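Same order as they appear, the protein sequences are chains A and B.
Start counting the first sequence at 0; every next residue gets the next number (numbering that gives the first Met the number 0).
Start counting the second sequence at 0; every next residue gets the next number (numbering that gives the first Met the number 0).
Hints were generated in silico from the structure; no laboratory data involved.
These figures come from a predicted structure and were not determined experimentally.
Hints are supplied without guarantee of correctness; some may be wrong.
[What the hints assert, rightly or not] Covered by chain A, according to a simulated footprint, are these stretches of chain B (three or more residues, beta-carbon under 8 Å):
1) 105 to 113
2) 205 to 219
3) 315 to 324
4) 365 to 372
5) 426 to 436
[Claimed, not checked] Just some of the chain A residues that point at chain B, by a computed CB distance under 8 Å:
6) Q108
7) R110
8) L119
9) A197
10) N215
11) R230
Every residue gets a Cβ at the ideal spot worked out from N, C-alpha and C, and that includes glycine.
Each chain, written out:
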Amino acid sequence: MFYKLEQTMNIVDSHILEKFSAHKSQMLDNITVPNFTFGAASLDIALSKETPNHGLPLAQLHEIHTAEPDDSSNAAALTLLLAARARMAAETSDQPITWVRDRGEARRQGRLYPPGLVELGINPDHILYIDAADSIAVLRAAADAVRCAPIGAVIVELAGKNPKGLDLTATRRLALSAKKSGVTTFMLRSKAAPMPSAAFSRWQVAAAPSKALAANAVGHPVFELTLLRHRGGLDGLNVRLEWNRETRSFQEAPDISAVPAVSGIRTDHEKIRARA
Amino acid sequence: MVLMAVDREAAYLGLAPGMKLADARARVPDLKAFDHDVLADAALLEQLADACLRYTPMVSVSPPRTLLLNISGCTHFFASENALVEDAEDRFDQAGYSLSWALAGTPDAALALAHHGLREGAEAQLPVSALAMNDNTHRALERAGLYHIGDLAERPRAALVARFGSLLAVRLDRIMGIEDRPIDPIRKLANVTTERRFAEPLTHIDFAISCLEELFIEAARQLEERGQGARMIRMILFRCDGDVARLAIETAPATRDAALFKRLLRERIDALNDPLNPGFGYDLIRLSIVATDSLEMEQYRLEGGQDKQGDQAALVSQLSVRLGRTQVQHFMPADSHIPEQGLLALPALDSGPPKAWDKPKAGEPPLRPLHMFDPPQHIKVLAEVPDGPPYRFTWRRKVHRVSRYEGPERISSEWWQRRDGQQAGKGGLTRDYYRVEDMRGRRYWLFRHGLYGSEKANPDWYIHGLFA
Chain A
0 MFYKLEQTMN
10 IVDSHILEKF
20 SAHKSQMLDN
30 ITVPNFTFGA
40 ASLDIALSKE
50 TPNHGLPLAQ
60 LHEIHTAEPD
70 DSSNAAALTL
80 LLAARARMAA
90 ETSDQPITWV
100 RDRGEARRQG
110 RLYPPGLVEL
120 GINPDHILYI
130 DAADSIAVLR
140 AAADAVRCAP
150 IGAVIVELAG
160 KNPKGLDLTA
170 TRRLALSAKK
180 SGVTTFMLRS
190 KAAPMPSAAF
200 SRWQVAAAPS
210 KALAANAVGH
220 PVFELTLLRH
230 RGGLDGLNVR
240 LEWNRETRSF
250 QEAPDISAVP
260 AVSGIRTDHE
270 KIRARA
Chain B
0 MVLMAVDREA
10 AYLGLAPGMK
20 LADARARVPD
30 LKAFDHDVLA
40 DAALLEQLAD
50 ACLRYTPMVS
60 VSPPRTLLLN
70 ISGCTHFFAS
80 ENALVEDAED
90 RFDQAGYSLS
100 WALAGTPDAA
110 LALAHHGLRE
120 GAEAQLPVSA
130 LAMNDNTHRA
140 LERAGLYHIG
150 DLAERPRAAL
160 VARFGSLLAV
170 RLDRIMGIED
180 RPIDPIRKLA
190 NVTTERRFAE
200 PLTHIDFAIS
210 CLEELFIEAA
220 RQLEERGQGA
230 RMIRMILFRC
240 DGDVARLAIE
250 TAPATRDAAL
260 FKRLLRERID
270 ALNDPLNPGF
280 GYDLIRLSIV
290 ATDSLEMEQY
300 RLEGGQDKQG
310 DQAALVSQLS
320 VRLGRTQVQH
330 FMPADSHIPE
340 QGLLALPALD
350 SGPPKAWDKP
360 KAGEPPLRPL
370 HMFDPPQHIK
380 VLAEVPDGPP
390 YRFTWRRKVH
400 RVSRYEGPER
410 ISSEWWQRRD
420 GQQAGKGGLT
430 RDYYRVEDMR
440 GRRYWLFRHG
450 LYGSEKANPD
460 WYIHGLFA
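Required output: the full structure, derived from the provided sequences and hints.
Next comes the structure, spelled out in structure tokens:
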């Protein structure tokens, strides 16, 4: 009888302990893993309602996909800007963003242009650019970079439907290393086929028409984002964001449909043809 | 065709280098002749020179078939200088090479003696052709009855210089050991060198690696005393059959960290095109620190924080070793108005102090693209007027209709780089850049190459970059 009581007490104890430790780890998660935001309030609140932790968690793997292959510059810019915001949020402003890229893709898509980075409000000195030979080398270099704690953020760029070596295990490895070292990791994919991954969130990025400046000049960069997957079960978020270099944040952009340029001397060939 | 080299049997038959192939064939009808491969010979000689690094760090190659070793102060592993030479002779013999050698006080004397099969002290018996002057000089000396170096050495120099020039006197002095000449070693002399010799050759690669680690720790201790750290580490593994494997590691910051060295060494070995093959075993392993930088004693922070800068630099070193030093890059500002010069990226290993970048104009949208094509890609453009903005363009077989544009931003060529560039029409074509956006909202950087009418009748269009 006595013995039995003791056993039940033990069981109760362990239950309490389990609960407590689960609670503790949750608390730890909340404390040690703060979030980073887009800067657009409605989107940040939609992503996480807990104040003050709006936005997306740091020290996680996030995937960013291009809507179409031609959108890859926009997706790259968005990833870079998010990485810069994550780096600011993590207060690691003296640490570089490591960009790992496949050499073949760099040849097709164009090389990263430092003055263009400056124009987006990013100091090119903060970028460590790694040019790897193939997707396996990219993943290996990325794994090493993510494991290295004093790195601001890591961007892994992989093109193609099913790059060699990229599978659920590879993404899990990246996600776990990110969690352990606290380095926010972004995986940038173009022409990607849907596949399982351990990423916290998956976004689709497309180019969107910019808000015209005076004389119908091209305006600030605008991105169209769709949330494809989120660990918290969110779905179907769709938003248009404009990057503001001065405040280093995104803001919501009004939906402008593109208007063809009107120049004073244009002849309306179609009208003439219709008349004839 | 002429014989360049003959083997021992051919020499017995009376053939010699310099003989015409047809003559040689007439004497020995079943002669086996091969094309002379200069590069392969040079590579072989280089390899043999590497194998000789076990005797002295000062090894110099004197083509076509001579090696010069400066063994001053390097004979303590052997009973005498002759014992060293015997060891070398044995090794060359095992590898299938025959050796003719000589020891002398100066490199030129040793060269001349070895070529004529003489030993030290027999300089006077060398023929005058050992001076390696031109044929006319040799003939003139012989006509004067001076057949040997010894005959010349007795003569007053002034008369010889007056007749044959001062070069003869210099050559004569060098052969007689009066004047020395430094040799040009194939490898740079290292700051710190540590090595291990094995009585029984190491046949397993793991033992060799752990030996290298021990050597590095030893070298690091020496460096620590000088307040220095290694930037460039060279390792040479001598196989007992004469083969030599060479490894090099470069690190981003100066280091004395053995754990980092171990990691980099593994990376280096993994990245080798042909893996290390111990074969019959390594009998000498040498590690030398070729380049150093000052590195003070490490001090741990009082609060026990980790050294973050160190980890980052270790990552750069590791990836540079694995992927190649040029693949890990950091960007540098370029002092030029030509857009593609802005793509400048240097190896992150050579990172200097950060330089200032131009500040973008506040309120303006990005005026430079995120991605740049180098070289620019040709596109087909339809414009309203020949010198106006693009209206529609075709790139990669897709038609894009321009909805917004800004431009032109006119960027002139670097006419001062060209010959007669200041004259009209010779300074290169001016580019008119447009930032355009198509109906889908994608933004491009296009340019017209050449001013319409004044520079080119029908200017081409190119796409140079993609905006976000």
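Status of each hint after checking the structure:
no. : hint       : verdict
1   : 105 to 113 : violated (count 0)
2   : 205 to 219 : violated (count 0)
3   : 315 to 324 : holds (count 5)
4   : 365 to 372 : holds (count 8)
5   : 426 to 436 : holds (count 3)
6   : Q108       : 6 Å, holds
7   : R110       : 6 Å, holds
8   : L119       : 6 Å, holds
9   : A197       : 23 Å, violated
10  : N215       : 5 Å, holds
11  : R230       : 27 Å, violated
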